[in-house]
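When you line the sequence shown up against the working numbering, it's residues 1 to 418, in that order.
Please keep in mind that the hints were generated in silico from the structure rather than gathered at the bench. There could be a bad hint or two in this list.
Derived pair list, reagent style SDA-like, types lysine to any residue, alpha-carbon separation capped at 20 Å [unchecked claim]:
1. K224 x H242
2. K233 x S247
3. K233 x G222
4. K224 x W245
5. K356 x S403
6. K224 x G249
7. K414 x Q338
8. K224 x I253
9. K57 x V45
10. K356 x V404
11. K414 x L333
For clarity, every value in this text was computed on a predicted model and none was experimentally measured.
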Amino acid sequence: MAATTDPHSSESFRLGMLLYDTRYRSVTIQIIALVLFMLALGWLVSNTISNLEALGKTFGFGFLWTPAGYDINQQLIEYQNTDSNARAAMLGILNTLLIAVMGCVTATLLGVVAGVLRLSNNWVVARLMTIYVEGFRNVPVLIWILIFAAAINESLPAPNAFRGDDAESSMVLGSMAFTNRGFYVPEPLFSRSLGTLDIGGYFGISLDLVLFVAALAAGIWGAKRLGAQATRKQAATGERPHTFWPSVGLIVIPPVVVLVALGFHLGYPELRGFNFRGGIHMRDSLIALWLALSLYTGAFIAEIVRAGILAVSRGQTEAASALGMRPSWTMRLIILPQAMRIIIPPLISNYLNLTKNSSLAIAVGYMDATGTLGGITLNQTGREMECLLLLMAFYLIVSLTISVFMNIYNERMKLKER
1 MAATTDPHSS
11 ESFRLGMLLY
21 DTRYRSVTIQ
31 IIALVLFMLA
41 LGWLVSNTIS
51 NLEALGKTFG
61 FGFLWTPAGY
71 DINQQLIEYQ
81 NTDSNARAAM
91 LGILNTLLIA
101 VMGCVTATLL
111 GVVAGVLRLS
121 NNWVVARLMT
131 IYVEGFRNVP
141 VLIWILIFAA
151 AINESLPAPN
161 AFRGDDAESS
171 MVLGSMAFTN
181 RGFYVPEPLF
191 SRSLGTLDIG
201 GYFGISLDLV
211 LFVAALAAGI
221 WGAKRLGAQA
231 TRKQAATGER
241 PHTFWPSVGL
251 IVIPPVVVLV
261 ALGFHLGYPE
271 LRGFNFRGGI
281 HMRDSLIALW
291 LALSLYTGAF
301 IAEIVRAGIL
311 AVSRGQTEAA
321 SALGMRPSWT
331 MRLIILPQAM
341 RIIIPPLISN
351 YLNLTKNSSL
361 AIAVGYMDAT
371 GTLGGITLNQ
381 TGREMECLLL
391 LMAFYLIVSL
401 TISVFMNIYN
411 ERMKLKER
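Generate the whole structure from the sequences, applying the supplied hints.
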């Protein structure tokens, strides 16, 4: 067999080959594009600095260490108005992450349930889910946020309605109060607390929470190992051991032991003066924003789930019915696992949209990253460029983080071809 040789292998290198030789052209174009981009970026930065100097401003982030001078209503960490703008920004970022996590979890649950029920054979249930999906999808989310905020403020009683023996309102289960100022619920307390781990002086991580999460994670890991062992035994012998109650024990017992060892108890809210004290206070703005974002995004997720289910061949359902499987088992074990390949990619976009839509929180007075760093701090310090750059960096990092983890999950859910 005759050996093939590269006709360019014996040629001496010439500058023209960088453009006309296919071996070098793609690299040359990329280098040129990178140089042009860096030059444009350098011109933009230089022009911005020159314009700031013309206005008597300098570019810097020293303003972050000056006193903030304003209060923040929803606080996940200790904060006073004499603290720095950096701490105020950190609190706003934590508030944004809180609403993003709560919203994504709730929207996913609502979307999955609504998407499945919209395909129900029950005409009434299917039509009700259609009304929910079409109603929320076709109205701007800002309007829903304002509607929920108005409903909470107008329909729920004031805290003073809980005062006296013949009070107009009473606490739910004797421990929760739903008022027009927000929801007051019991908070977890520990009589033998391990304390907190201070992170740079900005916020502390509860060691009690870390130990509880570690025990829960260890239990889940043990339950998965037990399930894998049962699967191997089933493949070898044809019989699968009963693993439900042992798995429940592995997941439940370690966290319960940790809670008992730490002296877990609940701190209940009590009406003192004009307001409740103690417990966890979820402000009305947080509740309105959470419900609006969850229901709005859940409507889009419901359509994604419905489309994913309809994309699975009907023969899968018919085969499961022929084997005598219940409809609930068919949906949980056969249809949804296959539909997840179609559901996950657009689901990522909806998580990103919910996180970015949380910037509308200022409409109801919820102080998130946009309200603190991109709002009051920006107006008080006059550092528009620095504040907006930090705000853009925050949303970019959060969005990329969500995308990375969801794409990793998407890769694990893909069918492995042989």
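To see whether the hints hold, each was checked on the structure:
A C-alpha spacing of about 14 Å is found between K224 and H242, which places the hinted pair at or below 20 Å, so the restraint holds. In summary, the hint linking K233 to S247 is supported, as the alpha carbons are separated by about 16 Å, within the 20 Å threshold. Between K233 and G222 the CA atoms are separated by roughly 17 Å; this keeps the pair inside 20 Å, and the hint holds. Distance hint between K224 and W245 is fulfilled; the C-alpha atoms sit about 13 Å from each other, no more than 20 Å.
As the CA atoms of K356 and S403 are separated by approximately 13 Å, the hinted pair is consistent with the 20 Å bound. A threshold of 20 Å between alpha carbons decides the hint, and for K224 with G249 the separation of about 12 Å falls inside it, so the pair holds. Only pairs whose Cα atoms come within 20 Å are accepted, and K414 paired with Q338 is accepted, the gap being roughly 9 Å. With a C-alpha separation of about 15 Å, the suggested pairing of K224 with I253 holds against the 20 Å cut-off.
This hinted pair checks out: K57 and V45 have alpha carbons roughly 14 Å apart, not beyond 20 Å. Proximity of K356 to V404 is assessed by CA-CA distance (about 17 Å); at most 20 Å being required, the pair is judged to hold. Our distance criterion of 20 Å between C-alpha atoms is met by K414 and L333, whose separation comes to about 16 Å.
The structure agrees with every numbered hint stated previously.
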